[in-house]
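Number of protein chains: 4
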Amino acid sequence: MEVTEFAWPNGARCAVAVAVDFDAESIYAGRAPSDRRVEDPPVHLGKLSQGRFAGRFGAGQVRRILKERSVPATWFVCGVDAEKWPGEVQAIVADGFELASHAYTHTAPRLLTVDEERYELERAAIALGKFGVPVLGYRAPALEPSNNTLSLLEEFGFTYVSNLQDDIYPYVHESHDIVELPTAWLTNDTVHFWFDSNSWVKKICSTNEARTVWEEEFLAVREYGGLYVLTLHPKVIGRPSRLKMLSEFLDFLRSHDDVWFATMGEMAEHVREVRTARAV
Amino acid sequence: MEVTEFAWPNGARCAVAVAVDFDAESIYAGRAPSDRRVEDPPVHLGKLSQGRFAGRFGAGQVRRILKERSVPATWFVCGVDAEKWPGEVQAIVADGFELASHAYTHTAPRLLTVDEERYELERAAIALGKFGVPVLGYRAPALEPSNNTLSLLEEFGFTYVSNLQDDIYPYVHESHDIVELPTAWLTNDTVHFWFDSNSWVKKICSTNEARTVWEEEFLAVREYGGLYVLTLHPKVIGRPSRLKMLSEFLDFLRSHDDVWFATMGEMAEHVREVRTARAV
Amino acid sequence: MEVTEFAWPNGARCAVAVAVDFDAESIYAGRAPSDRRVEDPPVHLGKLSQGRFAGRFGAGQVRRILKERSVPATWFVCGVDAEKWPGEVQAIVADGFELASHAYTHTAPRLLTVDEERYELERAAIALGKFGVPVLGYRAPALEPSNNTLSLLEEFGFTYVSNLQDDIYPYVHESHDIVELPTAWLTNDTVHFWFDSNSWVKKICSTNEARTVWEEEFLAVREYGGLYVLTLHPKVIGRPSRLKMLSEFLDFLRSHDDVWFATMGEMAEHVREVRTARAV
Amino acid sequence: MEVTEFAWPNGARCAVAVAVDFDAESIYAGRAPSDRRVEDPPVHLGKLSQGRFAGRFGAGQVRRILKERSVPATWFVCGVDAEKWPGEVQAIVADGFELASHAYTHTAPRLLTVDEERYELERAAIALGKFGVPVLGYRAPALEPSNNTLSLLEEFGFTYVSNLQDDIYPYVHESHDIVELPTAWLTNDTVHFWFDSNSWVKKICSTNEARTVWEEEFLAVREYGGLYVLTLHPKVIGRPSRLKMLSEFLDFLRSHDDVWFATMGEMAEHVREVRTARAV
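Chains as they are written, first to last, in numbering that gives the first Met the number 0: chain A, 0 to 279; chain B, 0 to 279; chain C, 0 to 279; chain D, 0 to 279.
Next comes chain A alone, as it looks inside the complex (with noise of 0.2 Å):
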């Protein structure tokens, strides 16, 4: 098998985007119809403080530990956690990052008719329309989405996807005209960091095993020419000491000059005007 290159702008060898999923109160309130309000029973305050984390604390020191490296973002957010901390994400789009959508409620798609699909991006079209930036881009809640979603986000107008795990280099969809920038597990904060108090079994990992896995992969990509997703979300990474550790992860990743920083907005117009050229 023959490895494809991928041309990235100006010879870069590989590229990276980094993800920050918002996810405040909203993950702790998904599964259920789109119109549900967060503080509804079941109760786990407990949890949802950890989501309220993101937004009264985590948010705010990631956007301003990557603002300070200048290093490009897409924030993925849910509608409902929009609503609740507008001037978080009104700072985010102040400081010049990408605003892309993440539904309304953190629902996964595949739960969902298709209406009810339907019904999440609307509300988070509204939602997030109110901070007057284009929203381009889409993630589906657990990276789950349904059969029905490529169709609806054409649409409502999106143009890039990162929900799949699929590849190291980004893709036009076949069946649609939507491009996919694949991520993976291993190079998201949570699957190191989290702890699931539900089943009380998760490893909580130190920085720097969970920088072991990043840095490898990432060296790894760069020698592939692929395309490297780190997916943050605020109410994990945005502990002190993960905080620390991104921020030197971040000046690791910028200390290599043949590596392309960009929003997935770039991203995904380069891969069409690629296509395009190669159409010629």
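Don't read these hints as lab results, they were simulated from the structure.
A portion of the hints provided could be inaccurate.
Stated by the list, open to error - Where chain C lies over chain B, by a calculated footprint (3+ residues, C-beta under 8 Å):
1) 116 to 123
2) 189 to 198
3) 205 to 215
Unchecked claim - Simulated restraints on C-beta separations:
4) D:155 x A:153: 46 to 52 Å
5) A:268 x D:131: 44 to 50 Å
6) B:112 x D:214: 55 to 61 Å
7) A:118 x D:125: 41 to 47 Å
8) A:254 x B:214: 41 to 47 Å
9) A:274 x D:9: 52 to 58 Å
10) D:214 x C:93: 33 to 39 Å
11) B:6 x A:253: 45 to 51 Å
12) A:253 x B:155: 49 to 55 Å
13) A:256 x D:128: 51 to 57 Å
14) A:222 x D:125: 36 to 42 Å
15) C:274 x B:155: 32 to 38 Å
16) C:113 x B:131: 43 to 49 Å
17) D:68 x C:124: 55 to 61 Å
Backbone N, C-alpha and C define an ideal beta-carbon position, used for all residues, glycine too.
Let chain A serve as the given structure and place chains B, C and D on it in line with the hints.
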């Protein structure tokens, strides 16, 4: 986003609170009507013995280690545990530690009706009241308070809680005159050391794995000027190798002369003073 | 709280007991009426083969390694395993190790009626009785005895158990004339090495991760003058890399000349003598 | 107990077999009637994309890495995967690797009736038969054969399996003329790297954590003169950082000149010859 430096007493850079959740047999007897006896079926004598380890061995060792280092601590004790281990609780009080309520049985308030939750608090007040010291603080079993918890706590005269995980600074609840001293899973001993014999899948960490997480979080919280809550469970931390690590970690914490060590009661009082000073 | 130094023989500082839970096919055939055959459905031939590994390979290797180092050990064997692997059990006895009861099937007594539990003990007594040595000790499958266990054990003439996790010193049960030699999950091989193919979520530790936990706990129990119970399962520890670690760890334990190595039967006898001496 | 040194060819000290379980979309579509299509609901497009990663990227990379090092390997392929990725399977055959059956869908035989299991084998035979090479080996999905599996395999002309975990030496089944090449979870990539997005509690190990376990087990199996089965899944090991580790680990294995590397088919043939020689 600007970091709100919290004003700690005497110019301290940050604060450390040690919370000891006594949790002996109670931990395996919760989730039931509040007057249930800990010996009732379904019997799990093996598990129950792990709770009893707290009373027979662990709690006394934790108390000794804290006392030798003059580290203030707040002991959250369930009523049923106080009834079963009165000598231990008496020693906690005699050694000058703070006594606080952890409900009567170790049942998450979110699972209770308001009447059941009030009954839990009444029975706990009777059980802890016998030790002759004021009980001003409360921590919800499983860190899952209900929507009624704060109102009930006001009714019972509590002044603070340590239930939520939504910030690294203490605050006064907007809706009630109760101070929140926020905690976090990663600085809890149980998440690193506990073995769940129901699921049989939890990794038991070495002491170094837990200390690494605790230490890097302390150093980072200190930079942020925040509150570091170390939560200990004698049934878990009471194993000899972990007691040794605890001793060394407390020595490490004590080696920083810009840290305010205090009981949670003292901290709650300080939070109120700061707020009043600002209000003026 | 004062540490009660336990009086070990000949001025030894602490004691080490090696408990080998034979657990071959029995481990996957429990939770059922006690006369159930291990081949009965629901079939899990893949899992069952992991149990058979104990009989085919692991148990013999563990026995050889213990024997080469003259480390006394107590082998807790289920009746069904003794019937299936009589040659292995005969070799255990011939090599001078202690034989003890682990019930007939590997079913937690807490799940059984008193009649079912008695039947388990009867059948185990018949199966183990064929090897011609006294069987004085008992360990409950899953470390979960019932409220009837101690009474039944007296009825059957047992003198000690190693079921609970409530202390680091041995003791005589208050309610029954049975010695408890308390154990702990962290010095058990299975919790570090087992892979649960039902849930598929258990981390398989390296030998160094397990040894670190075992070693630091030994050194600390030694300081406390306590009892260190190392629990081995041939189906788990029997993998070649783990056998190598076990050999090295036993050499490490043996390098301490202030440790009393004995079978659990010898230890139980000592506990009784100490108690009698004190009573006088 | 005496260690039975197994007689490997040409005086080799031990043997290494690399088993690649292709497992693309099939892995998420099993547990169903054998003619179920992989796209049928319940949809888990996110999970399914992780399987597709094997076909789009991982399998080709694993094949390249094995080929560059002249490491023989046996590829166990489900029929549905062969139908979906014929080019990949053709390349496996063209590169001289062994093709073996992994049933039609990835459904554990223990969950099937004898007719369903026969149908699985028939459909797999048709799907794999198109590649024009003999298929003599079989591995049960989930490593859980049924009580009917060996009889059915004889009926279909298979000569060996790699299903069980009951020894470190190969053997011929007593009841059937089928060679068993025993495997083990700890030398499987999935147990170290997989992330289970259903439970969300699995630790994703670094490459070094997995390599440590793999390497120490290899060195110890080599001392025992046993069979070391390394099981790879392209969807898991195919991530760039893991491919790098795999390359280095294979180089390490290859650096031992007393190891017999062969396909499982060659090993099964050798086991039969040794048995015949002994019988004579």
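Next item on the list: Sort out which numbered hints this structure fails and list those numbers smallest first.
Entry: 1, 8, 11 and 15
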